[in-house]
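S.K.: Each chain is listed here by its residues.
Number of protein chains: 2
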Amino acid sequence: MSQQAVVLVSGGLDSATTLAIAISQGYSCYALSFDYGQRHRCELEAAKKVVQQTGVIEHKILHLDLVGITGSALTDPSVAVPHQPTEGIPVTYVPARNTVFLSLALGWAEVLRAFNIFIGVNAVDYSGYPDCRPDFIDAFEKMANLATKLGVEEHAFKIKTPLIKMSKAGIIQRGVSLGVDYGLTVSCYDPDADGRACGVCDSCRLRAVGFKEAGVDDPTRYQ
Amino acid sequence: MSQQAVVLVSGGLDSATTLAIAISQGYSCYALSFDYGQRHRCELEAAKKVVQQTGVIEHKILHLDLVGITGSALTDPSVAVPHQPTEGIPVTYVPARNTVFLSLALGWAEVLRAFNIFIGVNAVDYSGYPDCRPDFIDAFEKMANLATKLGVEEHAFKIKTPLIKMSKAGIIQRGVSLGVDYGLTVSCYDPDADGRACGVCDSCRLRAVGFKEAGVDDPTRYQ
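Protein chains in written order, with the working numbering: chain A, 73 to 295; chain B, 73 to 295.
Any given hint could be a false lead.
Identical chains blur together in the list; that is why a pair holds if it fits in one copy or across any two.
Derived pair list, reagent style SDA-like, types lysine to any residue, alpha-carbon separation capped at 25 Å [said to hold, decoys possible]:
| id | residue 1 | residue 2 |
| --- | --- | --- |
| 1 | K120 | S96 |
| 2 | K221 | S199 |
| 3 | K221 | Q110 |
| 4 | K120 | D264 |
| 5 | K284 | E130 |
| 6 | K214 | A228 |
| 7 | K221 | L278 |
| 8 | K230 | D210 |
| 9 | K120 | Y294 |
| 10 | K284 | Q124 |
| 11 | K214 | F187 |
| 12 | K121 | R268 |
| 13 | K230 | P206 |
| 14 | K284 | R268 |
| 15 | K221 | G200 |
| 16 | K132 | Q110 |
| 17 | K221 | D107 |
| 18 | K214 | V196 |
| 19 | K221 | V139 |
| 20 | K230 | P291 |
| 21 | K230 | I133 |
| 22 | K237 | V224 |
| 23 | K284 | E213 |
| 24 | K221 | K237 |
Since the hints were derived computationally from the structure, they do not count as laboratory data.
Given only the sequences and the hints, what does the whole structure look like? Please build it.
M.R.: Structure representation (C-alpha cells):
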C-alpha cells in the first residue's frame with residue numbers, strides 16, 4: 073500500500089503544485105480545504121477543480137469561522153488589500169492561519185493514519201508571513217509529535233514542504249512538468265466576482281513575475 | 073491597564089478553575105469555547121453559566137466541524153464511552169483537539185494583543201491524553217512565537233497552565249477558595265439529556281475522587 077498524505081489545497085498556484093508533487097511521489101492523497109470566510113472565495117471553486125483534475129481519494133472542505141476571531145485584509149471587507157508592496161508583515165496576514173490549518177490537518181491525518189501532511193508554503197518568493205518559514209514548520213512538526221497519540225507512540229508525523237526553498241519560477245516549471253493546469257488556479261487576494269485577478273496585489277505580482285521568469289505563458293485571467 | 077488573556081472554557085471543572093485563577097491574577101479575560109459536536113453538549117451551557125458567574129470581557133463560542141474529521145467517543149455516537157479504566161490513551165481522546173483549540177485561541181489572542189492564553193490542562197489526575205502534558209505545552213508555545221506576527225516581533229505569547237501539576241483535590245480546593253460554583257460545571261463524558269453525570273466514566277471518577285480527597289461536598293448531579 074502506498075503511503076497516505078493529507079494535502080492542504082487552497083486553490084492557489086502553490087498548493088496545486090504541492091498536490092501534484094505529492095501524487096508524483098506516490099502518496100495516496102486526501103485533500104483538505106477551508107471555507108474560512110476568505111474574500112477570495114473563488115479560490116474554493118478553484119480548489120475543487122484542481123483536485124478533480126489531479127485525482128485524490130477524498131476532498132474535504134471544512135467550514136471554519138475565522139472571520140469572527142481574526143481581522144485581516146483577506147477576511148475583513150473593511151480592510152483594503154494593498155496594491156503596492158508594503159514593509160514587513162502585510163495586512164493580508166491572517167493571524168495563526170497556517171497553525172489552525174495544519175492543526176486540523178493533523179487531526180484528520182491521525183484518524184486516517186496518514187503520517188505525511190503537505191503544505192505549499194514558500195519562503196523565497198512569498199508575502200513575508202511568519203507561518204511560511206522553515207523554523208515555524210519545524211516547530212509545528214515537533215509539537216505535532218507531542219500532541220497526538222500516533223505522534224507519541226510512533227513519532228510519526230512529517231510536515232512536508234516541497235516548495236519551501238523554491239523560487240516562484242521554479243515552482244511553476246516543476247508544476248508544468250507534472251501537468252498542472254495553472255489556468256484552474258486563483259492566487260489573487262482581491263479577485264472580482266468572476267474570479268479574475270486584480271494583477272496588482274502582492275500575490276498577483278509574485279505570480280506574474282514567476283510565469284515570466286519561468287518562460288511559461290501566464291494563463292491567469294485578469295480583470 | 074491590566075494584562076489581557078484568552079481563556080479556554082469548556083464548562084468542566086478544570087477550565088472553570090483556570091478562569092477563576094486568571095481573574096484572581098488580575099488578567100482581563102476573554103473566554104473562548106467550542107461547539108465541536110461534542111456529545112456532552114450540556115458542557116456548552118455550563119460554560120455560559122461559568123462565564124456569567126465569573127465575569128469576562130467577552131465570551132465567544134466558535135462553531136468547529138471536528139466531527140467530520142475525527143473519530144472519538146466524545147464526538148462519534150457509534151463509539152461507546154468506557155465505564156471502566158482502560159490502558160494507554162483512551163478512546164475518548166479527540167485527535168489534535170487541544171492543538172486546534174490553542175491554535176484558534178492564538179489567532180484571537182493576536183488580534184486582541186492578549187499575550188496570555190490560559191488552558192486548564194492537567195497532567196496528574198487526568199485521562200492520559202498526550203496534549204495535556206508539559207512537553208506539548210512547551211512545544212506549542214515555542215511554535216506559537218514562530219507562527220505569528222506578534223510572536224516573531226515581540227516573542228510575546230505565553231501558554232499558561234496553572235493546573236498542570238496540581239492534583240484534582242488541589243484544583244477543587246483552589247477553586248472553592250476563589251468562589252467557583254462547581255455545581256455549574258459538567259465534567260462527565262456521557263451525561264444524560266438533563267446534563268446529569270453518569271458517575272462511571274473516567275472523567276466522573278476523577279472528579280468524584282477529587283471532591284472526596286478535597287473534603288468538599290460533591291455538588292455534581294448524578295443520573
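S.K.: Evaluate each hint against the coordinates.
M.R.: Hints and how they fare:
For a Cα distance limit of 25 Å, the shortest separation of K120 from S96 inside one copy, 19 Å, qualifies, whereas the shortest one across copies, 49 Å, does not. With identical chains, the CA atoms of K221 and S199 are at most 25 Å apart between copies only, with a shortest distance of 13 Å across copies and 34 Å within one. With identical chains, the CA atoms of K221 and Q110 are at most 25 Å apart between copies only, with a shortest distance of 19 Å across copies and 32 Å within one. In the homo-oligomer, the alpha carbons of K120 and D264 lie at most 25 Å apart inside one protomer (19 Å), although the nearest pairing across protomers, at 41 Å, exceeds that limit.
Taking the closest pair of Cα atoms, K284 and E130 never come within 25 Å of each other, the shortest separation being 34 Å inside a single copy and 49 Å across copies. For the homomeric pair K214 and A228, the shortest alpha-carbon distances inside one copy (10 Å) and between copies (20 Å) are both at most 25 Å. Proximity of K221 and L278 under a CA criterion of 25 Å is satisfied inter-copy only: 21 Å between copies versus 40 Å inside one chain copy. For the homomeric pair K230 and D210, the shortest alpha-carbon distances inside one copy (9 Å) and between copies (19 Å) are both at most 25 Å.
Taking identical chains as interchangeable, the C-alpha atoms of K120 and Y294 lie at most 25 Å apart only when both belong to the same chain, with a minimum of 20 Å there against 48 Å between chains. Proximity of K284 to Q124 under the C-alpha cut-off of 25 Å is found in neither arrangement, the shortest distances being 27 Å within a copy and 58 Å between copies. Taking the shortest alpha-carbon separations for K214 and F187, both the intra-copy value of 13 Å and the inter-copy value of 22 Å come in at or below 25 Å. Taking the shortest alpha-carbon separations for K121 and R268, only the intra-copy value of 16 Å comes in at or below 25 Å, while the best inter-copy value is 48 Å.
For the identical chains of this complex, K230 and P206 are neighbours both inside a copy (13 Å) and across copies (22 Å), given an alpha-carbon limit of 25 Å. In this homomeric assembly, K284 and R268 come within 25 Å of each other (Cα to Cα) only inside a single copy, at 19 Å, whereas the closest approach across copies is 65 Å. When the C-alpha separation of K221 and G200 is checked against a cutoff of 25 Å, the pair qualifies only between copies, where the shortest distance is 10 Å, while the shortest distance within a copy is 33 Å. With identical chains, the CA atoms of K132 and Q110 are at most 25 Å apart both within one copy (17 Å) and between copies (20 Å).
In this assembly of identical chains, the alpha carbons of K221 and D107 lie at most 25 Å apart only when taken from different copies (23 Å versus 28 Å within one copy). For the identical chains of this complex, K214 and V196 are neighbours both inside a copy (23 Å) and across copies (23 Å), given an alpha-carbon limit of 25 Å. For the homomeric pair K221 and V139, the shortest alpha-carbon distance between copies (18 Å) is at most 25 Å, but the shortest distance inside one copy (31 Å) is not. Within a single copy, K230 and P291 get their C-alpha atoms no closer than 33 Å, and across copies no closer than 45 Å, so neither meets the 25 Å cut-off.
In this assembly of identical chains, the alpha carbons of K230 and I133 lie at most 25 Å apart only when taken from the same copy (22 Å versus 31 Å across copies). Within a single copy, K237 and V224 get their C-alpha atoms only as close as 29 Å, which misses the 25 Å cut-off; across copies the closest is 20 Å, which meets it. In this assembly of identical chains, K284 and E213 lie within 25 Å of each other by CA distance neither inside one copy nor across copies; the values are 34 Å within and 41 Å between. Taking the shortest alpha-carbon separations for K221 and K237, only the inter-copy value of 21 Å comes in at or below 25 Å, while the best intra-copy value is 31 Å.
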